[in-house]
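Q: Which chain is which? The protein sequence lines are A and B, in order. To get my numbering, take the position in the first sequence, counting from 1, and add 45. To get my numbering, take the position in the second sequence, counting from 1, and add 63.
Do not take every clue at face value.
What the simulated footprint calls covered on chain B by chain A, stretch by stretch (three residues with Cβ under 8 Å from a Cβ of chain A suffice, anywhere in the stretch; the number is not a length) [unchecked claim]:
id : segment
1  : 116–122
2  : 144–155
3  : 184–192
4  : 292–301
DEER-style ranges, computed between Cβ atoms [as the list claims (entries may be wrong)]:
id : chain 1 : residue 1 : chain 2 : residue 2 : range
5  : A       : Val-517   : B       : Arg-81    : 33 to 41 Å
6  : A       : Ser-326   : B       : Glu-184   : 20 to 28 Å
7  : B       : Val-227   : A       : Ser-581   : 28 to 36 Å
No lab work stands behind these hints: they were computed from the structure. We put the CB at the ideal spot given by N, CA and C, even for glycine.
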Amino acid sequence: MFRLFRAQLRRDRWQLLYWILGNGLFAAASASALAQEFGNLAERTAILKLASGNRALLAIRGIPDGATEGATVYFEIFTYLALVAALMSTFMTVRHSRGDEEAGRAELIGSTPIARSSALAATLLLGILANVAMVIVVTAGFAAVGLPFGGAAFAGLATGAAGLAFCGVAALAAQLARTSRAANTIAGGLVGVAFLLRAVGDALGTASADGLHVTSTWPSWLSPIGWGQQVRAWGADESLLPLLLSVTLAVLAGAVAVVLVRRRDLGSGLVGERAGRATASRTLRGSFGLAWRLQRAGVIGWAVGGVLLGLFAGGLADPAIAAVKDNGDLAAAVQGLVGGGTAGLFDTFVAAIMAFLGILAAGAAIQAVLRGRSEEVDGHSELLLSGAVSKARALLDSILVALLSIVAVLLAGGLAAGLTFIAVGHPDRFGSSLAAAFVQLPAALVFVAASALVFALLPRLTVGLGWGMLTVGFVLGQFGGLLKLPDWLRDVSPFTHTPVVPGDRVDWTPLLVMAAISIAVAAVSIPLARRRDLVS
Amino acid sequence: MTELIEASGLVKTFGRVRALDGLDLSVASGEVHGFLGPNGAGKSTTIRVLLGLIRASGGSVSVLGLDPWGDAVQAHRDIAYVPGDVNLWPSLTGGEAIDLLTSLRGGAAAGLRADLIEEFEFDPRKKARSYSKGNRQKVALIAAFARPASLYILDEPTSGLDPVMEAVFRRQITRVKKDGATVLLSSHILSEVEELCDRVTIIRSGKTVETGTLSELRHLTRTSFAVVTGADAATIGSLPGVHDVHTQADKLVFDVDTDSLQPVLAALASSGVQGLTVAPPSLEDLFLRHYGADLSRLEFEKEPA
Ligand SMILES: Nc1ncnc2c1ncn2[C@@H]1O[C@H](COP(=O)(O)OP(=O)(O)OP(=O)(O)O)[C@@H](O)[C@H]1O
Ligand SMILES: [Mg+2]
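If we strip away everything but chain A, and leave its shape as in the complex, we get (with noise of 0.2 Å):
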């Protein structure tokens, strides 16, 4: 098991330590800007007060404990911490459990006088120890910048507390799901409803009189990435307990999945193969029928993620709103802040939410283009342009998929928006819901753009680069101004354009720009993948 540990970390090392190292960074880097930013208390007691009263930002965000230098890092940037490790051990596990044995690393591997379960026993072991490295490493990262020790570990440990959680629910799903793209879809979905339901417990929460505290509802104790937030490191109320959920979440699912990867054969999944078709639909038939087809299921997985952001959107802006006016003192402070009455409230609320549908739409396209490539990749390519199909056509098929897919993704939140407005009685919310969903557009095109670029001349460098270019993206336009970063910087970022609608004052040029950016980048890439080889 040992050597098999071994052979993982070696195939693994560089990714983790980007991944680990990147969490890293972004710790410190947030905990100096923010300490730059927000250097003496006041200030901060400003920002935290208009947290809890804004709870779109709840949120995004996280809870507050506190008003000190590192409670409000933590409040600011918990979630993300988490989110990474989460995301993190959840591609890793899947990795070399389901991936391998699809690929049929698994069966040379469990020819061997193994135990079956050894490849799984080694790849939690890896995942132990990459979590590991992550409580050091954002541990390290906070303290590094002047943040107290005490506090800093503990929100290594939650950090890396939720990635060990997800090492577990992954380990299941793979055991569950009998593909590596279902296992990954299985447990990338968990992690976002793990963040959703955080999402939900904390927006709903209750605010003390002095506005910088913030008790989340049970939504939020459901959650792993909750449980790693409830830790409020450096805060009042700081306490390692919660994470014994996620220890004991951990552990349960490992084990489960050792169980079951004793019991079930090599290749089998839990779910049971019915017979299929044995013709092909009409729908199937050509070059763009086979993208969609590939697409489809991840297309509605986007979809139904934008379904609950629209849900959230448009059926906690109420409570949340209400939640601020019971609280007179909060009231005052963020009428000063925000303006526009209850009105302007809503529409920060929707457009903060709906900036999160766009980063979904974006990873809707990305992976639509991305798919391109991994055909290549798994050899099916040879077989589609041996037939009367060229290089161009097929990436304008995944060029195709993606619009689709962000079209699909869009609708499907602002439709879920608007329809839930109504429902709680604003029907006047349902244009400006699907219009606030819409504007996400443009800047998710740029992405699809820049992907088939890079398909067409770095073919190797696409998958980290699609996936890469996404993260930047969504840190720059989501952290910018955390980050104090230059404006210049953040201006790389698509979502930085994208204007807030719903809002007073609308700037539509940028959406335009993007959107002929966009097609003129497309519209090169497109030849361009006519000339190169097809590399696997």
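With chain A held as given, fit chain B with the ligands onto it using these hints.
A: Leaving out everything else, chain B with the ligands in the frame of chain A:
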């Protein structure tokens, strides 16, 4: 006769690796052309160039009179291809994959598709991820044969097939040949090549080493003799064209170049032959000679032991 595939001086480099190094190949219209060479010789690479999936770094190539890189789509309408590694979409059923692949060339001939599925005893309703290697191969073969093409490019098409299915495959080749199609068949199965191919090209390390009909190639090899005779090894060994002389029990065993058969037979006739076995040059020998100079030397060195 017109040449359907004409490649000369093909070079393909992958970074430092020179996979093709001045390869020549010409396939005439209507023939079944065997394409042989040891592992890593560059067969699959050549085929990918012929399909325009990768671009030759040097040399000239035309397929069906077209430039396979520039006019790939047009050429592919008339080409059926079976890749060396058949990688199917795991979530599609075999039947769906067959229809998808043939649709890219204009759609399967319905009767032909049904016949092939029956002949290959193939269950088209299962998801591709659950197919065995042989069954994956069948998907590619059925898709290739289910719509008539003028050129069939087949890269080790029978790997993984059982002998019964291999026979079905041979019948299909005979059928498309009768219809006037041309076949380029890369294979390691010599009996298959011997039975099906009109001409063969043997390549090694990215270069063509031999091309011609099988009997032309046989000419280049040696016939083995096992003789019970009074003549001693040294006398026989000194004859021109005689190789690897050694004794085995009471027999004298040696190989003779085809060109030197006449004088050797004459010499044997006068030496008092009591027993004689002559084995024709086998294709195996031919390939072993071309596949690896090192290989035959290795065997020679082992023999005294
Ligand atoms: N994409 C690539 N990158 C680098 N080297 C390659 C690539 N494709 C092929 N090669 C190299 O080119 C050479 C020829 O490979 P090719 O696959 O054409 O051999 P082959 O004759 O089909 O062998 P086999 O009988 O095993 O199928 C090999 O040395 C291989 O390693
Ligand atoms: Mg090959």
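Q: Each hint needs a verdict: does it hold in this structure or not?
A: To see whether the hints hold, each was checked on the structure:
As drawn, the segment 116–122 of chain B meets chain A at 3 residues by the rule of a beta-carbon pair under 8 Å; at three or more, the given contact holds. Taking a C-beta to C-beta cut-off of 8 Å, the segment 144–155 of chain B contributes 10 residues in contact with chain A, enough for the three needed, and the coverage statement holds. For the segment 184–192 of chain B, the proposed coverage by chain A is satisfied: 5 residues have a C-beta within less than 8 Å of a C-beta in that chain, meeting the threshold of three. Counting residues of the segment 292–301 of chain B whose CB lies closer than 8 Å to any CB of chain A gives 0, which falls below the minimum of 3, so the coverage claim is violated.
Here the CB-CB span from Val-517/A to Arg-81/B is close to 39 Å, well matched to the stated 33 to 41 Å. The hint said 20 to 28 Å for the Cβ distance between Ser-326/A and Glu-184/B, and at roughly 25 Å that hint holds. Distance hint check: the CB atoms of Val-227/B and Ser-581/A are about 33 Å apart, consistent with the given range 28 to 36 Å.
The structure is inconsistent with hint 4 alone, although it conforms to all the rest.
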